[in-house]
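Take the sequences, apply the hints, and build the full model.
Protein chains: 2
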Amino acid sequence: MKKIIRIAYLPQTSFFMKLLDGVATSKLIKQEIAAAVLEMKAAGKKVPHLAAVLVGNDGASLTYVGSKVKSCEEVGFHSTLIHKEADVTEAELLDIVQKLNSDPEIDGYILQLPFPKHIDEHKILLAVDPKKDVDGFHPENVGRMALGLECYLPATPAGIIELLRRYEVPTEGKNCVVIGRSHIVGLPMAILLQRNGYPGNCTVTITHSKTTNLKELCLKADIIVAAIGKPEYVTGDMVKDGAVVIDVGITRITDTTKKSGFRLAGDVHFESVAPKCSFITPVPGGVGPMTIVSLMGNTLLAAQKRS
Amino acid sequence: MKKIIRIAYLPQTSFFMKLLDGVATSKLIKQEIAAAVLEMKAAGKKVPHLAAVLVGNDGASLTYVGSKVKSCEEVGFHSTLIHKEADVTEAELLDIVQKLNSDPEIDGYILQLPFPKHIDEHKILLAVDPKKDVDGFHPENVGRMALGLECYLPATPAGIIELLRRYEVPTEGKNCVVIGRSHIVGLPMAILLQRNGYPGNCTVTITHSKTTNLKELCLKADIIVAAIGKPEYVTGDMVKDGAVVIDVGITRITDTTKKSGFRLAGDVHFESVAPKCSFITPVPGGVGPMTIVSLMGNTLLAAQKRS
Numbered sequence: 226m227k228k229i230i231r232i233a234y235l236p237q238t239s240f241f242m243k244l245l246d247g248v249a250t251s252k253l254i255k256q257e258i259a260a261a262v263l264e265m266k267a268a269g270k271k272v273p274h275l276a277a278v279l280v281g282n283d284g285a286s287l288t289y290v291g292s293k294v295k296s297c298e299e300v301g302f303h304s305t306l307i308h309k310e311a312d313v314t315e316a317e318l319l320d321i322v323q324k325l326n327s328d329p330e331i332d333g334y335i336l337q338l339p340f341p342k343h344i345d346e347h348k349i350l351l352a353v354d355p356k357k358d359v360d361g362f363h364p365e366n367v368g369r370m371a372l373g374l375e376c377y378l379p380a381t382p383a384g385i386i387e388l389l390r391r392y393e394v395p396t397e398g399k400n401c402v403v404i405g406r407s408h409i410v411g412l413p414m415a416i417l418l419q420r421n422g423y424p425g426n427c428t429v430t431i432t433h434s435k436t437t438n439l440k441e442l443c444l445k446a447d448i449i450v451a452a453i454g455k456p457e458y459v460t461g462d463m464v465k466d467g468a469v470v471i472d473v474g475i476t477r478i479t480d481t482t483k484k485s486g487f488r489l490a491g492d493v494h495f496e497s498v499a500p501k502c503s504f505i506t507p508v509p510g511g512v513g514p515m516t517i518v519s520l521m522g523n524t525l526l527a528a529q530k531r532s
Numbered sequence: 226m227k228k229i230i231r232i233a234y235l236p237q238t239s240f241f242m243k244l245l246d247g248v249a250t251s252k253l254i255k256q257e258i259a260a261a262v263l264e265m266k267a268a269g270k271k272v273p274h275l276a277a278v279l280v281g282n283d284g285a286s287l288t289y290v291g292s293k294v295k296s297c298e299e300v301g302f303h304s305t306l307i308h309k310e311a312d313v314t315e316a317e318l319l320d321i322v323q324k325l326n327s328d329p330e331i332d333g334y335i336l337q338l339p340f341p342k343h344i345d346e347h348k349i350l351l352a353v354d355p356k357k358d359v360d361g362f363h364p365e366n367v368g369r370m371a372l373g374l375e376c377y378l379p380a381t382p383a384g385i386i387e388l389l390r391r392y393e394v395p396t397e398g399k400n401c402v403v404i405g406r407s408h409i410v411g412l413p414m415a416i417l418l419q420r421n422g423y424p425g426n427c428t429v430t431i432t433h434s435k436t437t438n439l440k441e442l443c444l445k446a447d448i449i450v451a452a453i454g455k456p457e458y459v460t461g462d463m464v465k466d467g468a469v470v471i472d473v474g475i476t477r478i479t480d481t482t483k484k485s486g487f488r489l490a491g492d493v494h495f496e497s498v499a500p501k502c503s504f505i506t507p508v509p510g511g512v513g514p515m516t517i518v519s520l521m522g523n524t525l526l527a528a529q530k531r532s
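If you read the sequences in order, they're chains A and B. Anchor point for the first sequence: position 297 equals 522 in my numbering, and the numbering is continuous, going up by one each time. Anchor point for the second sequence: position 27 equals 252 in my numbering, and the numbering is continuous, going up by one each time.
One should not assume that every hint holds.
What the hints assert, rightly or not - In the EDC-like style, the derived pairs of lysine to aspartate or glutamate whose C-alpha atoms are separated by at most 20 Å in a straight line are:
no., chain 1, residue 1, chain 2, residue 2
1, A, K342, A, E299
2, A, K356, B, D354
3, A, K270, A, E299
4, A, K348, B, E375
5, A, K440, B, E397
6, A, K356, A, E346
7, B, K252, B, E298
8, A, K440, B, D447
9, B, K455, B, E496
10, B, K243, B, E441
11, B, K435, A, D447
12, A, K435, B, D447
13, B, K440, A, E441
14, B, K435, A, E397
15, B, K440, A, D447
16, B, K309, B, D320
17, A, K435, B, E393
18, A, K465, A, E441
19, B, K435, A, E393
20, A, K455, A, E441
21, B, K324, B, D345
22, B, K465, A, E441
23, A, K342, A, E317
24, B, K445, B, D462
Calculated directly from the structure, the hints in this document are not laboratory data.
Structural data, given as structure tokens:
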């Protein structure tokens, strides 16, 4: 929230720029989910239950899983963390997955990636029951998304779509450039934004490391989704006036002016880009909180479908 | 083949334009598949067996299924046509699908769409065993394609990719515009062309009925894939010099100069577009024959995986 307040005083901020506030929006959605959980309880139904499988002690993974567990508490879900040492075998993980698949108490679960290198992530992922795959990473869910069938949408793209919807950002016929083609953000984002519906009906260009004319493409874009993991890569000279900019990146970069010695940067150079935008997501406080709340939404859906 | 010969005499044909000849290429691939079948026989293995489910008597569907059965004969596959009247029930079709799923003699099968309106196509499609889904339409295959995992690619996009590969058409870093976002051509084509590999690594823009600036986008495109089903929609003034143009459309249009009273037209106005192209697919004789041969390739793959 600190960042948001600071931005309001930037002298070059154009009068029409609006922040897509992921903190406020995700709070609202959490309240909606909490209300739905109370209704389920009142109807004598089981409370939604999310499990997470964590391997090893990677700092970022611990933080992410911690946030997810905390969010479960906030909305009234049960949660179970299955934490294994980094030397766990593939067979042990497959066994855990099988047990989660058949456990009627668990509505959905996630594998907190990355796993250590001796584990074949795809092999484990393919063993997840698509009906419990609340991360939306199983091929069946990815395919259902592409075909417009009911599915669990991957959390980050779902969060962005929800943010666009809640702020009523116009998308139909807009030129959208997605920077990055990852399986968990860039590609699903492109698929969702081109589909026939709202938000959607964009003319979507998907760009990546082999793209030769990114600046030119960005300058024509009405909507830019930056998901490359390169801090402050998208700068003001790449963005046209009135653009909508969604910043998926979040990287720690050194900042000696901070007590901590670092600050969090997005893929977008906020100071130069924000003044040109009609809408922009801040980092932190934009896409991040929406991602977690989308996972909660998928878990609620899983529980409702099973009850 | 007649059309190809005629084109060679067009006065405005630029010297560097090359036809992507689907007839010749598909013949070559059929020979390769036939050789693989002979090898399987020699090794005492079962010959690949494709089944097709056809409902009703739609003329186009009858023609397509007929071509598929004929292609099976040409490459040495067994084939089975299951032809039901238009009043078949959903339950009967589901029963057929279950039998095909469990029949060890059948390696793969296709549902010849469209089905009559009283049948929920998605319901039937979702019942197909993804391992026998040689059309690549089941969500699990679509998802596996998006994630770059082994799968059955949908036949038309697979045929186009193979044509680009065999003609060694450069794709990396090229700007590609896909016109049309159908689940069986446009969207998978966009996904395949953006992936990291060859053919691939294109900067892909997916356009559709809500796109506002198609001409402008096409004029910047190195590669255009036209899959909209509107005859001769892409005209010479929309294409830049040296472009690669892939024409997926095939529509009968009235032509009183022909004995038959009609001719086949693609989505591309060949006469005005071809002279500007480095490569172009003719219609007929381009994408069409490649589509059927891709289905044969998927069936061979299915048989090899099961044997």
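Here is what the structure says about each hint:
1. For the suggested pair K342 of chain A and E299 of chain A, the alpha carbons sit about 34 Å apart, so the restraint of at most 20 Å is broken.
2. This hinted pair checks out: K356 of chain A and D354 of chain B have alpha carbons roughly 17 Å apart, not beyond 20 Å.
3. A C-alpha spacing of about 19 Å is found between K270 of chain A and E299 of chain A, which places the hinted pair at or below 20 Å, so the restraint holds.
4. Between K348 of chain A and E375 of chain B the CA atoms are separated by roughly 13 Å; this keeps the pair inside 20 Å, and the hint holds.
5. A threshold of 20 Å between alpha carbons decides the hint, and for K440 of chain A with E397 of chain B the separation of about 18 Å falls inside it, so the pair holds.
6. Only pairs whose Cα atoms come within 20 Å are accepted, and K356 of chain A paired with E346 of chain A is accepted, the gap being roughly 19 Å.
7. About 13 Å separates the Cα atoms of K252 of chain B and E298 of chain B, which keeps this hinted pair within 20 Å; it holds.
8. Between K440 of chain A and D447 of chain B the alpha-carbon distance is near 18 Å, which keeps this suggested pair within the 20 Å criterion.
9. A distance of roughly 16 Å separates the Cα atoms of K455 of chain B and E496 of chain B; the hinted pair therefore holds under the 20 Å criterion.
10. At most 20 Å may separate the alpha-carbon atoms for a hinted pair to count; K243 of chain B and E441 of chain B exceed this at roughly 24 Å.
11. Annotation: proposed proximity of K435 of chain B to D447 of chain A holds, straight-line Cα distance about 14 Å (limit 20 Å).
12. Using a Cα cut-off of 20 Å, the hinted pair K435 of chain A and D447 of chain B holds, with the two alpha carbons roughly 14 Å apart.
13. Using a Cα cut-off of 20 Å, the hinted pair K440 of chain B and E441 of chain A holds, with the two alpha carbons roughly 17 Å apart.
14. Note on K435 of chain B and E397 of chain A: the hinted pairing holds, with a Cα-Cα distance of about 7 Å set against a maximum of 20 Å.
15. With a C-alpha separation of about 18 Å, the suggested pairing of K440 of chain B with D447 of chain A holds against the 20 Å cut-off.
16. A hinted pair counts as satisfied when its Cα atoms are at most 20 Å apart, and K309 of chain B with D320 of chain B qualifies at roughly 13 Å.
17. Under the criterion of a C-alpha separation no larger than 20 Å, the hint pairing K435 of chain A with E393 of chain B is consistent with the structure, at around 18 Å.
18. This hinted pair checks out: K465 of chain A and E441 of chain A have alpha carbons roughly 10 Å apart, not beyond 20 Å.
19. At most 20 Å may separate the alpha-carbon atoms for a hinted pair to count; K435 of chain B and E393 of chain A meet this at roughly 18 Å.
20. A threshold of 20 Å between alpha carbons decides the hint, and for K455 of chain A with E441 of chain A the separation of about 19 Å falls inside it, so the pair holds.
21. The hinted pair formed by K324 of chain B and D345 of chain B meets the criterion: a straight-line CA distance of about 19 Å does not exceed 20 Å.
22. Under the criterion of a C-alpha separation no larger than 20 Å, the hint pairing K465 of chain B with E441 of chain A is consistent with the structure, at around 18 Å.
23. At most 20 Å may separate the alpha-carbon atoms for a hinted pair to count; K342 of chain A and E317 of chain A meet this at roughly 15 Å.
24. With a CA separation close to 12 Å, the supplied pair K445 of chain B and D462 of chain B stays within the 20 Å bound.
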